[in-house]
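**Student:** Please model the complete structure; the sequences and the hints are all you need to start from.
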Amino acid sequence: MLVAMPAFFVGGCRKPAGAPDGISIKTSITPRPVRSGTETISIQLTSASQQPIAGAHVQVEGDMDHPGMAPVFADAVESSPGNYKAPLNFTMGGDWVVLFHITLSDGRKVEQQMDVKGVESN
Amino acid sequence: MTKPPDALSSAVISDEEGREAHAEEEEFLEAQPFDLLTVPVIGPLLSWRHSRTLLQIPLFVVSFVMILQGLLGPTLSPKNLATVLTWVHFRGALVLAILCAGNFFCLACPFMLARNFMRKWIHPRFAWPRRLRNKWIPIGLFVGVLFSYELFGLWASPWLTAWVIVGYFAAVLIVDGLFTHATFCKYICPIGQFNFIASTASPLEVAVRDHEVCDGCKTKDCIRGRREPSPDVVVLQRGCELALFQPAKVGNMDCTFCLDCVHACPHDNVGILGRLPAGELMSDPPRSGIGRFSRRNDIAALAIVFCFGALMNAFGMVSPVYTVESWLKRTLHFQSQAMVLGILFTAIIVAEPALLLGLASWITRAWAGVKTGWLAIAVRYAYALSPLGFGMWLAHYGYHFFTGLYTIVPVTQNAFAELGLPIFGEPHWTLVGLPKTVVEPLEFGFLILGLAGSMLIAWRLAHDDSEEHPLRAFAPWGALCVILFLCCVWLLTQPMDMRATMFAG
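Quick note, the sequences are listed as chains V and D, same order. Position 120 of the first sequence, counting from 1, maps to 119 under numbering that gives the first Met the number 0, and the rest follow consecutively. Position 230 of the second sequence, counting from 1, maps to 229 under numbering that gives the first Met the number 0, and the rest follow consecutively.
Among the hints, erroneous ones may be present.
Unchecked claim - A few chain V residues that don't get close to chain D, going by computed Cβ distances all over 10 Å: (1) E38; (2) G54; (3) M63; (4) D64; (5) M68; (6) S79; (7) P80; (8) P86; (9) T102; (10) K108; (11) V109; (12) S120.
As the list claims (entries may be wrong) - What follows is a list of derived Cβ distance ranges for each label pair: (13) V408/D with S79/V: 36 to 42 Å; (14) R107/V with P494/D: 37 to 43 Å; (15) E425/D with Q49/V: 32 to 38 Å; (16) F423/D with G106/V: 21 to 27 Å; (17) D114/V with L441/D: 29 to 35 Å.
Because the hints were derived from the structure by calculation, they are not lab data. Each residue gets a CB set at the ideal place from its N, CA and C atoms; glycine is no exception.
**Tutor:** The following block contains the structure:
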């Protein structure tokens, strides 16, 4: 079992699905500096030909970088074609990692990560 | 400083002294004390010669999995077994086991399984140098671990966490591959020292059942072990590798609960007995393998670092620490994170206790008429701080443990799903732990328990020191305990703010 384990766990090393060829994902958060509480996350999806990608489902997940803390989730709403906004509740100060789980209208899945360092406590 | 006693030669203190030391504890337990080894199922299991190995194997396998996941698994700390198990479950379960029972994590130590396996082929040749037979090295390592935890944000890095575990295995194998007995446990291991000082507050202790049986014992197998009669080189059963001679052993200091003495005793006279938690700190008897606590400046320093380290470790996780660090950075024009952190550590773990304990000692000496020197007074009363320190560790680690209790479920689900074996289903990331409203009262309960223990110990020591003015002797130490308690309460009420990047924001 011990000998076989490395082979198993190498599988765990594979990178999450990145952006498919040509798709551009721009993420931002406002306002700055980020404080604990609900902040707005913006996501802009564009194709290789710089056309906005509409109709995607974007789920936003926020994790503290300390294990054992509750993650927070939010579904983004498309405010204009290709532009999505999600209200994410940063429940405490500290370093956060925001994950974007994106499902395009044709069913393809895209993952993106954004580090949000030093969220300030209120 | 008084030299600590030579490990083996000092281990055998007369049975008479050992009996006297136990008399006080026995006052609290007039009836036959509870003995875990007489409990059905648990007792026979622990009495089985291979019980330790049985407990070590699962933890060894888990350690191996943690190393692999830490190095090869998800890079996000809350999704990796190495970080989740190390910084949420292991630390919390460890302090809770010590509070509820005893030092059972040393019993199940996976590092010792690797070491015992190695020693089947590699027999160490050297004795640990006499001048190093004290706690100064592990105290330095303990502080080093706390410092590295803050400096490198170990909790946020599965990769670094995995290397800490690998480093631990390597250190155990190197030290115990070179040096005889349990050198690593007694003179190196920072986790072990944490467990030793914390378990002075445990309700269970490995101890002799009937001292009269020991009076008639000729072989002293509990410390010497058993060997084949001829040629007397093959060890059939180890005696205590930490030089604790059972009839004169007092308390849990230096005891890894390895149960070698239980297995070695030919009279079945060693048990895991119930006792008054922290009662061993209320008096100062000679202790086998240790000597008197009041003559061990190094162990007193360990108790101080244990207590003030609890404050420092919690301080590093709340919002005000960043205000202080930014102020230090601006005022002293430091660019180095390590230097700012170094100043904070020096202030909280060295300067603050030196000032507070020095002042309390001076008042005790001047006001209560205690004749001994201020350093001796500080050393004697330093042990009274360990229950309060333990209360703070419990509050801190217990918080993470309970609020993140169920996170092991989605992380394990994810580990299998990532392998293409989603046998436990898709990860339920919303599964976290107990609500804060439940956990926060527990935190304050741990702290109050610690304060009560510290106050009681200080009172008992003060009563012994000054029969005429026990209140005067107690007052400065009681006040010190209350001040530290209030600091702990303040820390627990601050907003949490966990940053691996100290200068951010």
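**Student:** State for each hint whether it applies.
**Tutor:** A quick look at each hint next to the structure:
no. : hint                           : in the structure
1   : E38                            : holds, 14 Å
2   : G54                            : holds, 24 Å
3   : M63                            : violated, 6 Å
4   : D64                            : violated, 4 Å
5   : M68                            : violated, 7 Å
6   : S79                            : holds, 30 Å
7   : P80                            : holds, 30 Å
8   : P86                            : holds, 18 Å
9   : T102                           : holds, 15 Å
10  : K108                           : holds, 14 Å
11  : V109                           : holds, 17 Å
12  : S120                           : violated, 4 Å
13  : V408/D with S79/V: 36 to 42 Å  : holds, 39 Å
14  : R107/V with P494/D: 37 to 43 Å : holds, 40 Å
15  : E425/D with Q49/V: 32 to 38 Å  : holds, 35 Å
16  : F423/D with G106/V: 21 to 27 Å : holds, 25 Å
17  : D114/V with L441/D: 29 to 35 Å : holds, 33 Å
Comparing the model with each numbered hint stated earlier shows that hints 3, 4, 5 and 12 do not hold.
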